[in-house]
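Respectively, the protein sequence lines represent chains L and G.
Each residue of the first sequence is one higher than the one before, counting from 1 in the UniProt record's numbering.
Each residue of the second sequence is one higher than the one before, counting from 1 in the UniProt record's numbering.
A portion of the hints provided could be inaccurate.
For chains that are exact copies, the list does not tell them apart, and a pair is met inside one copy or across any two.
Cross-link-like lysine to any residue pairs, in silico, SDA-like; alpha carbons within 20 Å at most [said to hold, decoys possible]: (1) K155 x A19; (2) K226 x Q28; (3) K155 x G217; (4) K117 x A214; (5) K74 x N215; (6) K163 x T391; (7) K163 x G390; (8) K55 x Y38; (9) K116 x A102; (10) K155 x T220; (11) K226 x E12; (12) K55 x R88; (13) K163 x D257.
No lab work stands behind these hints: they were computed from the structure.
Spelled out, the chains give:
2 protein chains.
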Amino acid sequence: MVNAEIIAVGSELLLGQIANTNAQFLSQQLAGLGINVYFHTVVGDNAGRLEQAVKTAQTRANLIIFTGGLGPTKDDLTKETISRLLGRRLVTDEEALRAIEAFFARTNRPMTENNKKQALILEGAAVLKNEHGMAPGMALTVDGITYMLLPGPPKEMQPMFTKYGAPFLRGVFSLSGRIESRVLRFFGIGESALETALADLIDAQSNPTIAPLANDGEVTLRLTAKHQDQAEAKRLLDEAEAAILTRVGRYCYGYNDETLFTKTLERLKERGWTIAAAESLTGGLFLEQLTAVPGASAAVSGGVVCYTNGVKEHLLGVPRPLLETNGAVSEPCARLLAENVRTMCDADVGISFTGVAGPDPLEGHPPGTVYVGIAIRGRDTTVHRLALSGTRDAIRTRTAKYGCFFLLETLAAGR
Amino acid sequence: MVNAEIIAVGSELLLGQIANTNAQFLSQQLAGLGINVYFHTVVGDNAGRLEQAVKTAQTRANLIIFTGGLGPTKDDLTKETISRLLGRRLVTDEEALRAIEAFFARTNRPMTENNKKQALILEGAAVLKNEHGMAPGMALTVDGITYMLLPGPPKEMQPMFTKYGAPFLRGVFSLSGRIESRVLRFFGIGESALETALADLIDAQSNPTIAPLANDGEVTLRLTAKHQDQAEAKRLLDEAEAAILTRVGRYCYGYNDETLFTKTLERLKERGWTIAAAESLTGGLFLEQLTAVPGASAAVSGGVVCYTNGVKEHLLGVPRPLLETNGAVSEPCARLLAENVRTMCDADVGISFTGVAGPDPLEGHPPGTVYVGIAIRGRDTTVHRLALSGTRDAIRTRTAKYGCFFLLETLAAGR
Chain L
1 MVNAEIIAVG SELLLGQIAN TNAQFLSQQL AGLGINVYFH TVVGDNAGRL
51 EQAVKTAQTR ANLIIFTGGL GPTKDDLTKE TISRLLGRRL VTDEEALRAI
101 EAFFARTNRP MTENNKKQAL ILEGAAVLKN EHGMAPGMAL TVDGITYMLL
151 PGPPKEMQPM FTKYGAPFLR GVFSLSGRIE SRVLRFFGIG ESALETALAD
201 LIDAQSNPTI APLANDGEVT LRLTAKHQDQ AEAKRLLDEA EAAILTRVGR
251 YCYGYNDETL FTKTLERLKE RGWTIAAAES LTGGLFLEQL TAVPGASAAV
301 SGGVVCYTNG VKEHLLGVPR PLLETNGAVS EPCARLLAEN VRTMCDADVG
351 ISFTGVAGPD PLEGHPPGTV YVGIAIRGRD TTVHRLALSG TRDAIRTRTA
401 KYGCFFLLET LAAGR
Chain G
1 MVNAEIIAVG SELLLGQIAN TNAQFLSQQL AGLGINVYFH TVVGDNAGRL
51 EQAVKTAQTR ANLIIFTGGL GPTKDDLTKE TISRLLGRRL VTDEEALRAI
101 EAFFARTNRP MTENNKKQAL ILEGAAVLKN EHGMAPGMAL TVDGITYMLL
151 PGPPKEMQPM FTKYGAPFLR GVFSLSGRIE SRVLRFFGIG ESALETALAD
201 LIDAQSNPTI APLANDGEVT LRLTAKHQDQ AEAKRLLDEA EAAILTRVGR
251 YCYGYNDETL FTKTLERLKE RGWTIAAAES LTGGLFLEQL TAVPGASAAV
301 SGGVVCYTNG VKEHLLGVPR PLLETNGAVS EPCARLLAEN VRTMCDADVG
351 ISFTGVAGPD PLEGHPPGTV YVGIAIRGRD TTVHRLALSG TRDAIRTRTA
401 KYGCFFLLET LAAGR
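Build out the structure end to end from the sequences listed, making use of the hints.
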């Protein structure tokens, strides 16, 4: 078993100036190699504390990957600290030195003396070439622990790891076996309800593993299977997916990087249909999310942001008496908005969102009271009522997502 | 001295599904409180390894802040682990339990038994209310070390820390007005141009420090002053700010958490004016951002998302010959869109966005070609042309921000 720890070195991380996206990238890559990551550590540009972090990692990991601290300045001390801890000298790598000299010659800049420091490597280490910057990476194994040092800038680190780091790890740890993973995306069901429905499957998980994650009103399940044979790993995933979908398939809308919006566009394009929206509480969010997808113009006509009753009445033809008796936050208003925006924009589908985003109540309704209307050419209009909770932002975002979810349901039913 | 360590709990971080943005947020906040952060640690949903991480942190920190692992599932074990380590019982917080029950009642969902777990707190801990979710946070000091437990979702954690966590830390560590900071927000000028204009000031910085950060087409400068006397710290900030604004004040639109959108709403409300928008390439983004601000209804009428030429023609009255000769991506089209949406929505200001978001060219124009029209009741309409670069997302976002920037300039000039 390979157990990895990722140590990011840099005071800018501890000041919150940047997020540790290097650890995220490396974790994804290592998961794909079948390597367990049990800890991430972030430490500043301080030799004593870095030494402490390395010593702790040595007690619990057999692969320690460092990012950052390979540069030319006095603050960069990753190599120097590890050199001291392992009792390995730093020696100049001639090829790296020539590359650094060539870089300065090419950019017509004088090479200051401190840049030579970047060509120093731990004696006996394999050099990982930096094709996007100056400081090379390196890797070596001492007393059963493999140390890999990578530069901090993601533009240098990522290609270095993919091209040289990962193959090194495959070799040193004799990694064969395949890891296959698949993300199932759910909407309309909460994380705890989903877990309750799948409790026995999640408890019994081993291969594939099943990892739930909640985010922005959605829940995802990441299935990860390990097998020597790739086809067999895929079969394990198919089997687990089938067991899951038998129970909660109704709420599963897609896979991996799909979103409710890309899925909605896809379904509309399959039919050659267009959509128009009338947005009150969402204020343009639904159309904005749809049109954020390249190629949206094939299926999106446009729509009206009817934030005030005046716009609902004058632009979208909702009669004033209806607004005065039923209110804007009502089933008949949602119905008319969806139907009228559809005809006005000459679209196949009209969708409407009217309700209370908060923080204050509206027309006597609490925040989260929402009506979503769906009008399809030649069919009866449907209106869905929601009672959402959360912040103004959460209510608006979920409302737009529910719009996609209801529309996808409607389109699936009418197939 | 307060030395903090941030421990994020969650296997999704170790799988690289998300980046540890919570540690970034908290690090920024702690820096603002004058608290040193020396380590970040990430550990999975595993009691043994979490225990190990806590024990390591206890040897080197007197403030340990945890994020994540407070939810309802069996994977959530932060409280339970700390309870065991500190020998503190978990007890039900009645107020938190009532809030959770109310949440389920309000959303018409059955409350599963495991949700009650979220109302458990460490005996004797101060409860940090969760106003955006269910699991409360908590904080307590045992044997000279303060433990603060916060939920994982940033939407819950951030407001909880700001409103309840930071005041708790100020109290327990007797932090008084030693650190004052102020963020100046710039738009319309690049990071390197700003740094060049301020090079000598940035080089000579010590108190206050000046830290530039570029993000989403904006640049911010964070000024941080340290002084025993709060009034003196503020004076140092005022002095630095004045020196900066003398040079680049034209591009400075606001302070701290202000955005171009909140600023635009503020200026409109001051005049009692309303705004309407016609959005082509932005697809609703401008109105969505404006209406994301609570209270936007006082100044936002609504508008039209005119993604297709059909909608530009039929809903917004742009004559077909104009679309055929000048094109949709043109100065006269932007002008008419702004004027017509203003009158249609009976607003004081009409603003329009038409152009090419990409990735493909449109009407022979490269991505980033954008026209922004501004029509104000009783004044001449103005149209601004932009040549932006970047991804589809970046072009759309910057276009909407330039809309605010031009409108703020126009309003300031016409005062």
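Quick rundown of the hints versus the structure:
no., hint, result
1, K155 x A19, "both (15 Å within a copy, 17 Å between copies)"
2, K226 x Q28, "within (15 Å within a copy, 39 Å between copies)"
3, K155 x G217, "between (23 Å within a copy, 12 Å between copies)"
4, K117 x A214, "between (42 Å within a copy, 18 Å between copies)"
5, K74 x N215, "between (38 Å within a copy, 18 Å between copies)"
6, K163 x T391, "between (36 Å within a copy, 15 Å between copies)"
7, K163 x G390, "between (37 Å within a copy, 17 Å between copies)"
8, K55 x Y38, "both (15 Å within a copy, 16 Å between copies)"
9, K116 x A102, "within (12 Å within a copy, 64 Å between copies)"
10, K155 x T220, "between (23 Å within a copy, 18 Å between copies)"
11, K226 x E12, "between (37 Å within a copy, 18 Å between copies)"
12, K55 x R88, "within (16 Å within a copy, 30 Å between copies)"
13, K163 x D257, "within (15 Å within a copy, 35 Å between copies)"
Checked against the numbered hints listed earlier, the structure breaks none of them; every hint is satisfied.
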